[in-house]
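Protein chains: 4
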Amino acid sequence: MERETTRIEAFSDGVFAIALTLLILEIKVPDLKDFSTNEKLLTALIGLWPSYFAFLLSFTAVLIMWINHHGFFKYLRKIDSAFLFANGFLLLMVTFINFPTAILAKYIDTPAFNIASAFYCGSMVLISIAYNLLWFSAAFKRKLVKDEITDVVIVKIRNAYWFGFFVYLTAFAISFILPLAGLLICILLWIFWTFLDYQTKK
Amino acid sequence: MERETTRIEAFSDGVFAIALTLLILEIKVPDLKDFSTNEKLLTALIGLWPSYFAFLLSFTAVLIMWINHHGFFKYLRKIDSAFLFANGFLLLMVTFINFPTAILAKYIDTPAFNIASAFYCGSMVLISIAYNLLWFSAAFKRKLVKDEITDVVIVKIRNAYWFGFFVYLTAFAISFILPLAGLLICILLWIFWTFLDYQTKK
Amino acid sequence: MERETTRIEAFSDGVFAIALTLLILEIKVPDLKDFSTNEKLLTALIGLWPSYFAFLLSFTAVLIMWINHHGFFKYLRKIDSAFLFANGFLLLMVTFINFPTAILAKYIDTPAFNIASAFYCGSMVLISIAYNLLWFSAAFKRKLVKDEITDVVIVKIRNAYWFGFFVYLTAFAISFILPLAGLLICILLWIFWTFLDYQTKK
Amino acid sequence: MERETTRIEAFSDGVFAIALTLLILEIKVPDLKDFSTNEKLLTALIGLWPSYFAFLLSFTAVLIMWINHHGFFKYLRKIDSAFLFANGFLLLMVTFINFPTAILAKYIDTPAFNIASAFYCGSMVLISIAYNLLWFSAAFKRKLVKDEITDVVIVKIRNAYWFGFFVYLTAFAISFILPLAGLLICILLWIFWTFLDYQTKK
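Read top to bottom, the protein sequences are chains A, G, W and X.
Under my numbering, the first residue of the first sequence carries the number 4, and numbering increases by one thereafter.
Under my numbering, the first residue of the second sequence carries the number 4, and numbering increases by one thereafter.
Under my numbering, the first residue of the third sequence carries the number 4, and numbering increases by one thereafter.
Under my numbering, the first residue of the fourth sequence carries the number 4, and numbering increases by one thereafter.
Bound-form chain A, shown alone (with noise of 0.2 Å):
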């Protein structure tokens, strides 16, 4: 059941890994036409700020999700088909997070970055809800957690999870009015749980 479990880590560190290195596809190359000049490319390497933006942005993400994913199996002594359709449908969103950055990069500082802002955060509740499924489905009556695990920890994990989940469920909500400050939330909460685990591992 171990080596299962590893495969199971080893297919998702895979997909974690190609999702993150295809965002910089995104990025895509300025075209100046025939009139190539310094001055010309150095603007046009500039003006793809919102795309560097979009990329940092995503790529972050992205890893600390990877972080996290990776911290989650070590309290599992085993997994059963719930947990891998779970663990599914966070790889599915995991890979998607490519296309709202890509919309993000083009629509930033244009009249649509709200759409563009809301679609982000709206793809993050949902990689939220795909977290909170994955810990229903291995902590649900301590059903795949390891013994050693205690029952406070459980809850904590628990509640950590459904905290990210209205955290983003607001950033969603505000990124209608305001997209920017949207953004920022999200960014915040992945600070604030960085900083956590720094403390925690410290």
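Each hint should be verified, as a subset may be incorrect.
Calculated cross-link-like contacts (lysine-lysine; reagent style DSBU-like; alpha-carbon spacing at most 35 Å) [to be verified]:
| id | chain 1 | residue 1 | chain 2 | residue 2 |
| --- | --- | --- | --- | --- |
| 1 | A | Lys149 | A | Lys77 |
| 2 | G | Lys31 | X | Lys43 |
| 3 | W | Lys144 | G | Lys43 |
| 4 | W | Lys77 | W | Lys31 |
| 5 | G | Lys149 | W | Lys81 |
| 6 | G | Lys81 | W | Lys36 |
| 7 | G | Lys146 | A | Lys144 |
| 8 | G | Lys81 | G | Lys149 |
| 9 | G | Lys144 | G | Lys77 |
| 10 | X | Lys146 | X | Lys159 |
| 11 | W | Lys149 | G | Lys146 |
| 12 | G | Lys146 | A | Lys31 |
| 13 | G | Lys31 | A | Lys36 |
| 14 | W | Lys149 | W | Lys159 |
| 15 | X | Lys146 | A | Lys81 |
| 16 | W | Lys77 | G | Lys81 |
| 17 | W | Lys31 | G | Lys36 |
| 18 | A | Lys144 | A | Lys81 |
| 19 | G | Lys43 | X | Lys36 |
| 20 | W | Lys31 | G | Lys146 |
| 21 | X | Lys36 | A | Lys77 |
| 22 | A | Lys43 | G | Lys31 |
| 23 | A | Lys36 | W | Lys159 |
| 24 | W | Lys77 | W | Lys159 |
| 25 | G | Lys31 | W | Lys36 |
| 26 | A | Lys77 | A | Lys146 |
| 27 | X | Lys149 | W | Lys146 |
| 28 | X | Lys81 | A | Lys81 |
| 29 | A | Lys159 | X | Lys81 |
| 30 | W | Lys43 | W | Lys31 |
| 31 | A | Lys144 | G | Lys31 |
| 32 | W | Lys81 | G | Lys77 |
| 33 | A | Lys43 | X | Lys149 |
Here are some, though not all, of the chain X residues that point toward chain A, as calculated from beta-carbon distances under 7 Å [to be verified]:
| id | residue |
| --- | --- |
| 34 | Gly17 |
| 35 | Asn101 |
| 36 | Thr113 |
| 37 | Thr153 |
| 38 | Ile157 |
These aren't lab readings, by the way, just hints derived from the structure by calculation.
Owing to the predicted nature of the structure, the values given are computational and were not obtained by experimental measurement.
Glycine residues also receive a C-beta, built at the ideal position from the N, C-alpha and C atoms.
Since chain A is already given, all that's left is putting chains G, W and X on it; use the hints.
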């Protein structure tokens, strides 16, 4: 020999994971030209439903195939060259599935839906043939299967693969006339497999 | 040192798997413009045969290369820097093969077939050189090979790689005049290798 | 803790392998329009030398980075959160290198070569910073390094990374005026490292 099997498995897993993740590249960012508004972007994002649907469809299909492939190796005590080629053909088809998916996404809401659906279901027929070949190369005269696998199990699995083949063939034939019905048959087959798998493991 | 070898193998496997799967991206979805009908889509899909052919060709080629590369490592007791660079050159060429494949797919049914075929076969010559270098770096003065590998085996493998090199070189030269013949020579070589491999393992 | 390190290594290897292989997607198939002849295709293929050059350049760079990264982990007895983030930043930059490579390929033979080269060398500066951060997070107060690694070795490696940083910075500054010289400095640095590595291992 054990290590050999592991490496083939890892390589196949890699191809599955990449084929799965590349599916996202087929969802193209809509181009709103000069004048982008929230309304137009929202309309464009909703208008992309064929792409989301095709992505969801093929992601699920490839994931189920992977779980199946994954279970497959548990029956084997070794592998040989014929098995390697059957597996190679399967990986070819798993990789190929990206293309009929893109065709489906593009033509699902056009008068060319029949051919798009037939092309998709037809690719599933080929994948089904690959699985049949894989099982034949492994189980014919019990060549590669472990001793603890009874003949009853072997026949049962063989029949399951044959069943899949005929269902896909039916879906293929039907989709020329009723394209949506063809796709639905494929989806029902996946749900059936999933349920079966779930029942077995419980 | 054993672990070192394993990691190089795993990394190479990753590059092989990705290069293999990326081939699908070269099959482009046909654009039927505003007016798409079943007849037009069917015609378009059939008209893509050069892409299917090139995909099939290169997928098979890379898969056989992988099986070969995979067998290669069984002879080694350790690796060194020179081997690493020869392996790096091989991975470069395996990755590169995507491009001549795309060229072949695009120009196989045009008057530019000669150059497209020569470019493809020429890339195979380079791959062959990479394999020769790899074997030289491993087997010269028995530097990296295991003790149980006899000198007879070493010479036999060396000759097989040299043979491949000359066959590819012939295919390259011929394809300037008879492009299809050049490709056929490559394919015959792969079938021959496969058959040889099959015989050996039986 | 050992297993932890192995998984980070495997994940990083995956990102390196994918980033490496994706480079090929930047070589675009030339479009000869309706009238393709052997002469025109040959001219077009030769005219793509900037793409081949950029591909070769970055493939080599990423491969050397991988070998280096690979060697890095041998010094570590464990990893912590700070190391994980430094490693994440490195992976971000390794993934990003695809983009400056594409820029270089497109603008190397235009008047915008200066900016293209500066952008490429500038990215190398960032990669160098990532390696310095990685080493700092590992070796500062000997936090993560194995006990058998002497202080002399630590200082030596630190200096080597600092040296790389200043060379890249020089290349970056020079490429605004002499773009080719900037690239040559980068290449010389890689040859130097390779040679050094070769000497050490012999």
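Quick rundown of the hints versus the structure:
{"no.": "1", "hint": "Lys149(A) to Lys77(A)", "in the structure": "holds, 9 Å"}
{"no.": "2", "hint": "Lys31(G) to Lys43(X)", "in the structure": "holds, 32 Å"}
{"no.": "3", "hint": "Lys144(W) to Lys43(G)", "in the structure": "violated, 69 Å"}
{"no.": "4", "hint": "Lys77(W) to Lys31(W)", "in the structure": "violated, 39 Å"}
{"no.": "5", "hint": "Lys149(G) to Lys81(W)", "in the structure": "holds, 33 Å"}
{"no.": "6", "hint": "Lys81(G) to Lys36(W)", "in the structure": "violated, 51 Å"}
{"no.": "7", "hint": "Lys146(G) to Lys144(A)", "in the structure": "violated, 43 Å"}
{"no.": "8", "hint": "Lys81(G) to Lys149(G)", "in the structure": "holds, 8 Å"}
{"no.": "9", "hint": "Lys144(G) to Lys77(G)", "in the structure": "holds, 18 Å"}
{"no.": "10", "hint": "Lys146(X) to Lys159(X)", "in the structure": "holds, 17 Å"}
{"no.": "11", "hint": "Lys149(W) to Lys146(G)", "in the structure": "holds, 30 Å"}
{"no.": "12", "hint": "Lys146(G) to Lys31(A)", "in the structure": "violated, 51 Å"}
{"no.": "13", "hint": "Lys31(G) to Lys36(A)", "in the structure": "holds, 23 Å"}
{"no.": "14", "hint": "Lys149(W) to Lys159(W)", "in the structure": "holds, 16 Å"}
{"no.": "15", "hint": "Lys146(X) to Lys81(A)", "in the structure": "holds, 34 Å"}
{"no.": "16", "hint": "Lys77(W) to Lys81(G)", "in the structure": "holds, 17 Å"}
{"no.": "17", "hint": "Lys31(W) to Lys36(G)", "in the structure": "holds, 23 Å"}
{"no.": "18", "hint": "Lys144(A) to Lys81(A)", "in the structure": "holds, 14 Å"}
{"no.": "19", "hint": "Lys43(G) to Lys36(X)", "in the structure": "holds, 34 Å"}
{"no.": "20", "hint": "Lys31(W) to Lys146(G)", "in the structure": "violated, 41 Å"}
{"no.": "21", "hint": "Lys36(X) to Lys77(A)", "in the structure": "violated, 56 Å"}
{"no.": "22", "hint": "Lys43(A) to Lys31(G)", "in the structure": "holds, 27 Å"}
{"no.": "23", "hint": "Lys36(A) to Lys159(W)", "in the structure": "violated, 55 Å"}
{"no.": "24", "hint": "Lys77(W) to Lys159(W)", "in the structure": "holds, 16 Å"}
{"no.": "25", "hint": "Lys31(G) to Lys36(W)", "in the structure": "holds, 16 Å"}
{"no.": "26", "hint": "Lys77(A) to Lys146(A)", "in the structure": "holds, 14 Å"}
{"no.": "27", "hint": "Lys149(X) to Lys146(W)", "in the structure": "holds, 30 Å"}
{"no.": "28", "hint": "Lys81(X) to Lys81(A)", "in the structure": "holds, 26 Å"}
{"no.": "29", "hint": "Lys159(A) to Lys81(X)", "in the structure": "holds, 27 Å"}
{"no.": "30", "hint": "Lys43(W) to Lys31(W)", "in the structure": "holds, 16 Å"}
{"no.": "31", "hint": "Lys144(A) to Lys31(G)", "in the structure": "violated, 42 Å"}
{"no.": "32", "hint": "Lys81(W) to Lys77(G)", "in the structure": "holds, 31 Å"}
{"no.": "33", "hint": "Lys43(A) to Lys149(X)", "in the structure": "violated, 50 Å"}
{"no.": "34", "hint": "Gly17", "in the structure": "holds, 4 Å"}
{"no.": "35", "hint": "Asn101", "in the structure": "holds, 5 Å"}
{"no.": "36", "hint": "Thr113", "in the structure": "holds, 4 Å"}
{"no.": "37", "hint": "Thr153", "in the structure": "violated, 27 Å"}
{"no.": "38", "hint": "Ile157", "in the structure": "violated, 23 Å"}
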